[in-house]
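Chains as they are written, first to last, in our numbering: chain A, 26 to 336; chain B, 26 to 336; chain C, 26 to 336; chain D, 26 to 336.
By construction, these hints were calculated from the structure, which means they are not laboratory data. Heads up, a few of these hints could be off.
Identical chains share a label here; the pair holds if one copy fits it or two copies do between them.
Stated by the list, open to error - Mimicking SDA-like on lysine to any residue, the simulated pairs with C-alpha atoms at most 20 Å apart in a straight line are:
{"id": "1", "residue 1": "LYS67", "residue 2": "PRO89"}
{"id": "2", "residue 1": "LYS263", "residue 2": "ASP74"}
{"id": "3", "residue 1": "LYS67", "residue 2": "ASP87"}
{"id": "4", "residue 1": "LYS263", "residue 2": "ARG172"}
All values derive from a computational prediction rather than experimental measurement.
Number of protein chains: 4
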Amino acid sequence: MAVNGLMRVGEVAIRVFDLDEARRHYGQRMGLIESHVGDDDKLYYKAADEHDWYSLVLRRSDTPGIDYVGFKTLNDADLDRYATQLESEFGIAVRWAEAGAYPLTGRRLIFTLPTGHEAHIYAHKDQNGNGMPLRNPGTIPDEGYIRGMRIVRLDHVLIGGPNIEANREIFVRVFGWATSELLVDHTNEMPLGIFMSASTKPHDIAFLLQPDAGRFHHVSFLLDSVNDLYHAADLIGKYDIPVDVAPNRHGVTRGATIYFFDPSGNRNEVFTGGYVHYPDTPTLTWDTSQLGRATFSHDNTPRESFLNVLT
Amino acid sequence: MAVNGLMRVGEVAIRVFDLDEARRHYGQRMGLIESHVGDDDKLYYKAADEHDWYSLVLRRSDTPGIDYVGFKTLNDADLDRYATQLESEFGIAVRWAEAGAYPLTGRRLIFTLPTGHEAHIYAHKDQNGNGMPLRNPGTIPDEGYIRGMRIVRLDHVLIGGPNIEANREIFVRVFGWATSELLVDHTNEMPLGIFMSASTKPHDIAFLLQPDAGRFHHVSFLLDSVNDLYHAADLIGKYDIPVDVAPNRHGVTRGATIYFFDPSGNRNEVFTGGYVHYPDTPTLTWDTSQLGRATFSHDNTPRESFLNVLT
Amino acid sequence: MAVNGLMRVGEVAIRVFDLDEARRHYGQRMGLIESHVGDDDKLYYKAADEHDWYSLVLRRSDTPGIDYVGFKTLNDADLDRYATQLESEFGIAVRWAEAGAYPLTGRRLIFTLPTGHEAHIYAHKDQNGNGMPLRNPGTIPDEGYIRGMRIVRLDHVLIGGPNIEANREIFVRVFGWATSELLVDHTNEMPLGIFMSASTKPHDIAFLLQPDAGRFHHVSFLLDSVNDLYHAADLIGKYDIPVDVAPNRHGVTRGATIYFFDPSGNRNEVFTGGYVHYPDTPTLTWDTSQLGRATFSHDNTPRESFLNVLT
Amino acid sequence: MAVNGLMRVGEVAIRVFDLDEARRHYGQRMGLIESHVGDDDKLYYKAADEHDWYSLVLRRSDTPGIDYVGFKTLNDADLDRYATQLESEFGIAVRWAEAGAYPLTGRRLIFTLPTGHEAHIYAHKDQNGNGMPLRNPGTIPDEGYIRGMRIVRLDHVLIGGPNIEANREIFVRVFGWATSELLVDHTNEMPLGIFMSASTKPHDIAFLLQPDAGRFHHVSFLLDSVNDLYHAADLIGKYDIPVDVAPNRHGVTRGATIYFFDPSGNRNEVFTGGYVHYPDTPTLTWDTSQLGRATFSHDNTPRESFLNVLT
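So here's chain A without its partners, still in its complex pose (with noise of 0.2 Å):
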């Protein structure tokens, strides 16, 4: 069936400690684009080359961190399968938002997963296209629609709890996304991070074995190529934007990465490349012998920070 059933991380919600700061941050020095006004006191951005009318949800707090990952499927007939699903074979209790209660979005899905984070899955949400017609749309949208660090896409989440191997379990078993790579602990083979993939891409989400529930490490951006990676870089450092990780190759998923934090602390990042994916792609799996490789491959050095600080 190709694509189908759950296809992506399709919205992400997070707390900022102030919206005006915010929308420097994601507006005008990452370039997102603000695309929905609601009268919720929400930011609603969108990526350059989405459909879809926002992907991205920022509201005001004073913790920040994740408030849930929205996931959208392909049929609105699978949230009725997954929700069966959940419940009956792994107890977890669903709720549902009627359609309209989320702007621009049909029904959802809602639980919470075993590693604490609330989840969302929708089959529907308006779309205002990407800066092209749908007839003879040409290859490059108009002057100025592209700006700041020339985002195409939001990519994957990744977030940190308990019980990541409950959180795979349900990724498989319920919405059939593949196991692309394991990080397990080199003395017992324990996973310590599972990364999975719902399409081609080496990753949509991945979980990080964590003490505590539903804690966010980072929200992950899609460029075109290492130059404007080197182009975001540059912006990164023009307006002084806390750097977590300058530019480096993540061995999991090959995928070329800057990691930074938002004005309220949430770690963003922005990546490109990486391998393509399948089904039939043998999981790769990292041991903590080689945790500088499995994370920073350029000089195979871990960073504390990287592993430690989440919201």
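Add chains B, C and D to chain A, keeping to what the hints say.
Just chains B, C and D now, with coordinates in the frame of chain A:
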């Protein structure tokens, strides 16, 4: 269920005049890896980042062209379902090749598409890896493993024949693939080209309307970057490989491209970029009033040879 | 003395049919910066990373082509030495324009090259910087300063006329420039194209043998990378700018290139790459048996229009 | 006179603990070409796109560091002029090595810079080309000629010692080089780093203020693109080469950079990009209030080891 069923074009079998010339072209110059030597007088190649044992098969013949397109499906049980559906819904006769009839692969379902092309579907092919181990793989194989044009993977094929809409019907209803783009006659909206995606790539296969059945337009190989595309073009010029279209960008798929010919006149492409496609991405339509832009968007100039030379 | 004397082509003055059309092409689409407004009905542009106030001058005229090429020399005293040598050794009449006759520049030495082109030499032009301060400049200017094709600098010009070897003689003996490459008729070794470097760039000016004097082949602008070249090509296609040659690589200079035309038919180039040249680098010679490779090395195909259309 | 006189750093002689280890590092891993084998127990390397026979000399020693920096001047007569000026204006004693004393080179003028470094100047070195013919050279050498990190040329050196302003005085007055950038103490404007350009490159040599004379900070090699820089970083990680600073961008020069160490602890750099410099480009000044930005502009974080570890 994320990626499932018919995952990708996993094998393309092409006819060439001379195996030594073909080996020089595909092996030494393009840098594909001759990965299997059979007793069948065929050449078997794979690209550097593929795990399956081979993806390109070359057979000596007095006429160039394509023997068959092989598709890999995720589970062996899919084959029976496809066979039933092809026969009952489309009246297409199928036959079977037993496991091992083709080297290193499981049983194959074989049938003829409405465009006159032989299609193979298999769920199993032995894997010999991508030059890096499965545990702590690192990010780059040993020097010399990636050679020539630095080809990453077999990417897609474009085939020509009548009844392209019947082909589409099968790929949508039996295989669950999405129509990413259409090229239509602007006078009557008749589809002249149909582009289909099984994944998050902008296309995995395309059908070009042609009066004669079973025609072959090109096989395309994935590169990592526009830099590698220019490097490939430098090699193409160095070796005086006949060029159909020098570096350009397609309107359809937004991919960067070079077209050239193997020594038997079969068209090859190297390809990089293009957008991320999902089944909920709106189908893009190009019409022939913008034929130049749809095909080669840097100069919006259709190429006669590109549109009409097939093998 | 390292770099000294006649440093570079610092100014090119071109004739255009219509200033509004020219402004749309060079300003809005190419992204050059309209840096000076005079009372002379001319347009003055600079590229983003140039310090001098302007490098391109556009004058309304009923015929396209080039008015003059301006060269910047390091010291004002150079001008007197050049004047003396041009008159005494080459019998070339010179004249002077006083400081301020051309906006924001010092006195100019003006004479006609053997190929029939007016040449200006000046040692002073006011500077307004490259969008970044001189103390703690940072690495990237404010968003919006670099626009359109992301042009870095005026790079070089190619002019056509008779007596190209006499031009060379002057540039070697009076100005100390080096001959980086030659294109010769393979039947008799007669130079058809002469490429000269004042720097570590592969060329700063080139002379093309043409029967008519004072002809203009193209003005070239430097880009940072092949990625930016592809981005420029995307814009060229978007705006339906007439393309002479889509992305390719020159044999001569090894630079990556696109040729296109302004609305008046003057040829523009965007250019990136090419080797590092020094005066002790051996002069490379191409002959017309390899004319395709010398001009466009990706397909080794000479373009009729490229060789014969000048303004 | 365009480029003239002292053109570039043409040769760097470095001390290493073990020639076999050095060969593995500089030859097999970095991909420099071992171009000459002498009877002197030294290793001679060149980079792929250099015409001169060698540019890097490695000598076995129990202490790492630099033996001398060799500069190539355009004409042999320059040597006499330099000798006179060094002695008369600067009171610097010079000596001569006769032609052939160093392999494949002409006579050398040898003296000690105020920073305590031995400098060689020569006008002649035999050339063995860049892997491509001088007539109809093409654009890319045969496969295998460019290997490892795909190094194009020796680019520059950074040396440390006292009296860096005296060094500058010599390079300005005797050799005609320009000061492209300065790093000064923000409390008293004292120069701590002086960056000098002999060409259109942003620097050819730099002097770092250090208490001990004759110290070696790094030798830098030019790459073609940020893509190749990432490829080099992938190899550095693969081979566990000790990294000083992973991919970043300098504020000074705006070049993209990686710093790493050879097996003897000598610092190497691969470098790409940076602006085009001319003698009339204003000298840029950084002060120590922006030390992070001046050195590593992606995170504006000075590295202790970078500033203080020299050999």
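Which numbered conditions among the earlier hints are violated in the structure presented, ordered from lowest to highest?
-> Nothing - there is no hint that the structure violates, so all of them hold.
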